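Going down the list, the sequences are from chains Z and R. Those letters in the first sequence? Residues 0 to 338, by numbering that gives the first Met the number 0. Those letters in the second sequence? Residues 0 to 292, by numbering that gives the first Met the number 0.
Please note that a few of the clues may not be correct.
Chain Z is nowhere near these chain R residues, computed Cβ spacing over 12 Å in every case [stated by the list, open to error]:
| # | residue |
| --- | --- |
| 1 | 89 |
| 2 | 133 |
| 3 | 237 |
Under 10 Å between C-beta atoms, here's a sample of chain R residues computed to sit facing chain Z [claimed, not checked]:
| # | residue |
| --- | --- |
| 4 | 58 |
| 5 | 59 |
| 6 | 76 |
| 7 | 80 |
| 8 | 82 |
| 9 | 84 |
| 10 | 85 |
| 11 | 87 |
| 12 | 104 |
| 13 | 110 |
| 14 | 161 |
| 15 | 164 |
The following residues of chain Z were derived to be distant from chain R, with all beta-carbon distances above 12 Å [what the hints assert, rightly or not]:
| # | residue |
| --- | --- |
| 16 | 67 |
| 17 | 94 |
| 18 | 125 |
| 19 | 280 |
| 20 | 325 |
FYI, nobody ran anything at the bench for these hints, they're computed from the structure. A quick note: this is a predicted structure, and the numbers were derived from the prediction, not measured. Idealized CB from N, CA, C, for every residue including glycine.
Next come the chains, spelled out residue by residue.
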Amino acid sequence: MTLRTRTLAWSTGLTGLLAVVLVISAGTGPVSIPPATVAKVLLSADPIPLGFEAPRTSRVIVLNVRLPRIVLAAFVGVALATAGTVMQGFFRNPMADPSIIGVSSGAAVGAVATIVLPFALPFGLELQAAAFLAAVLAAFGVYLIATQGGHTPTATLLLAGVAVQTFLGAIISLLLLHSGQSLRRVVYWLMGHLGGTTWDEVQVIAVALPPLFLVLLFYARDLNVLLLGEEQARGLGVEVERTKRILLAVSSVATAAAVAVTGVIGFVGLIVPHGMRLLVGPDHRILLPSSALAGASFLVATDTLARSGPAEIPVGIVTAALGAPFFLYLLRSREVTEL
Amino acid sequence: MSTDRAVSAEPLLTIDGLRVRLGGATVLNGVDTETDRGRFVGVVGPNGAGKTTLLRTVAGAIPPDAGHVAVDGQRIHGLSSKATSRLVASVPQDTTVAFEFDVRTLVEMGRNPHRSRFGRWTDADAAAVERALDRTDTHQFADRGVTTLSGGERQRVLLARALAQDAPLLLLDEPTGSLDINHQVRTLDLVSDLAAEGRTALAAIHDLDLAARYCDELLLISDGRVVAAGPPATVLTESAIRDAFDATAVVSENPVTGTVSVTALGDDEAPSGDRSDSVAPRPAGSGSDGSEP
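Working from the sequences, and respecting the hints, build out all of it.
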């Protein structure tokens, strides 16, 4: 089978899986709606009015209450899994995840500062905008620290990222100590959540993410060559430093756009790429789309679990609680000795 | 194996006054050489002499402190990675590939220098990959994962990738280092044939006998300088080997291949007559510390 056929087959299969997960998720909640009804509601929705009739209450629940949250989960899943795939390939390090260069810590500082500080941030910044800006600033700062004379050694980048994350962690802890009344809100944000999503929040990431993903897809071949090491990549015609800058910038912005809306959702960007790499191999031309689709399904599924219990829990807890054992299972059964 | 080959007026590779410092130490200290098209040049010399550094500098991976490298009339160190990779193709010393790419995908990466980001895979790309697979006899495992191959097979795959690059200059760092005698001979035969077809090959080779047998010319490097250059028989003399390697050796003619054969002698085996000067200590700081920077 050629790569093109395999990519098409996996993409089709994973899109089907996403559709199934989406329908089940939209039917799950305090009011249970059968999948057939959900399907009818979705197919009669505005962009594609196929003339199906569905009960009005089901329509309202599915389209206005559950769907925004589900679609947001899908987009965030795509962003985190894609950025994770790129970071692991870029750093040639299996432990790299989307926040490796401080994006999540930056977002957390921005968000927590907005919640805790007694004064409003300048320019009347909303929490999400502050989180996004702080995330991008943190990544940019780490990049600047690690860059000397036009070169950014990945090992330096990794270490600078860890150091900056620790530093930002200290700031977050300090803010937490002085959070008083808003402690609960802060902790809730830090754990990662998708609750109370409106279509407005979906819009931003829905517009921003597809072009970023396309850029990464166009760099899939360079990512493959980079896996061989920087010197060989240079020998095979990859402009290594420029490619690194672009990959870092794009995946950092994608991650920032996700965590600014949802808070820190761990583990998706780590285990989804690993799982898919075991299934489809290391070639980024098939790995990137597969990881993106699998990441969407994974986050929609875990968020459905997070909200279907007696009391809703932050989805970050579910992704880690489910993801870690699954990852350990993969580790033991498939010998993850390399990326 | 040294046959007369077509020599065009312009040298393909010109190295002029090349000086390279790495981590504060001068590794190459004024290397000059010219190589014509279609020649197979072996770079020989003791550990730490600067063979690998020379190859990496010619490949554009290390910027020189002085001097320049020109391939096909173009100075390598002013060019983009893409332009360089169309002129120079390298086969690395370490053939480990940590990722489960299949062989064909890996060889196809050799076409990267010729493809634009949005460019499609062309018939010319496909033809170059097929030629490279044929030439290196790697067709039979084109669809296998590269991590399932033996060291010798991986070497041929990486050579295939370099061939797919269609660059006039081929660099090989210790191409026979980890191979058994059968694969050593097959690899060098292949490089020799490629040179006969018009490519120029520059290879760092440890085994002096093999270098003498397969290369058209040798470049003997010691302490970052070229101490001898030319046909193997003129380069590999007992005095040159004593100076460069600090070793006593007997140079004879191999009765089978008719090429130069070097037999290094231990202290006990050295002919007693010239023992005193053959084991004379070299000046301090001569840099034979066994590492290859």
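To see whether the hints hold, each was checked on the structure:
no.: 1; hint: 89; verdict: violated, 5 Å
no.: 2; hint: 133; verdict: holds, 20 Å
no.: 3; hint: 237; verdict: holds, 37 Å
no.: 4; hint: 58; verdict: holds, 6 Å
no.: 5; hint: 59; verdict: holds, 7 Å
no.: 6; hint: 76; verdict: violated, 12 Å
no.: 7; hint: 80; verdict: holds, 5 Å
no.: 8; hint: 82; verdict: holds, 8 Å
no.: 9; hint: 84; verdict: holds, 4 Å
no.: 10; hint: 85; verdict: holds, 7 Å
no.: 11; hint: 87; verdict: holds, 7 Å
no.: 12; hint: 104; verdict: holds, 6 Å
no.: 13; hint: 110; verdict: holds, 9 Å
no.: 14; hint: 161; verdict: holds, 9 Å
no.: 15; hint: 164; verdict: holds, 7 Å
no.: 16; hint: 67; verdict: holds, 35 Å
no.: 17; hint: 94; verdict: holds, 15 Å
no.: 18; hint: 125; verdict: holds, 36 Å
no.: 19; hint: 280; verdict: violated, 6 Å
no.: 20; hint: 325; verdict: holds, 21 Å
In the structure shown, a violation is registered for the earlier hints numbered 1, 6 and 19, in ascending order.
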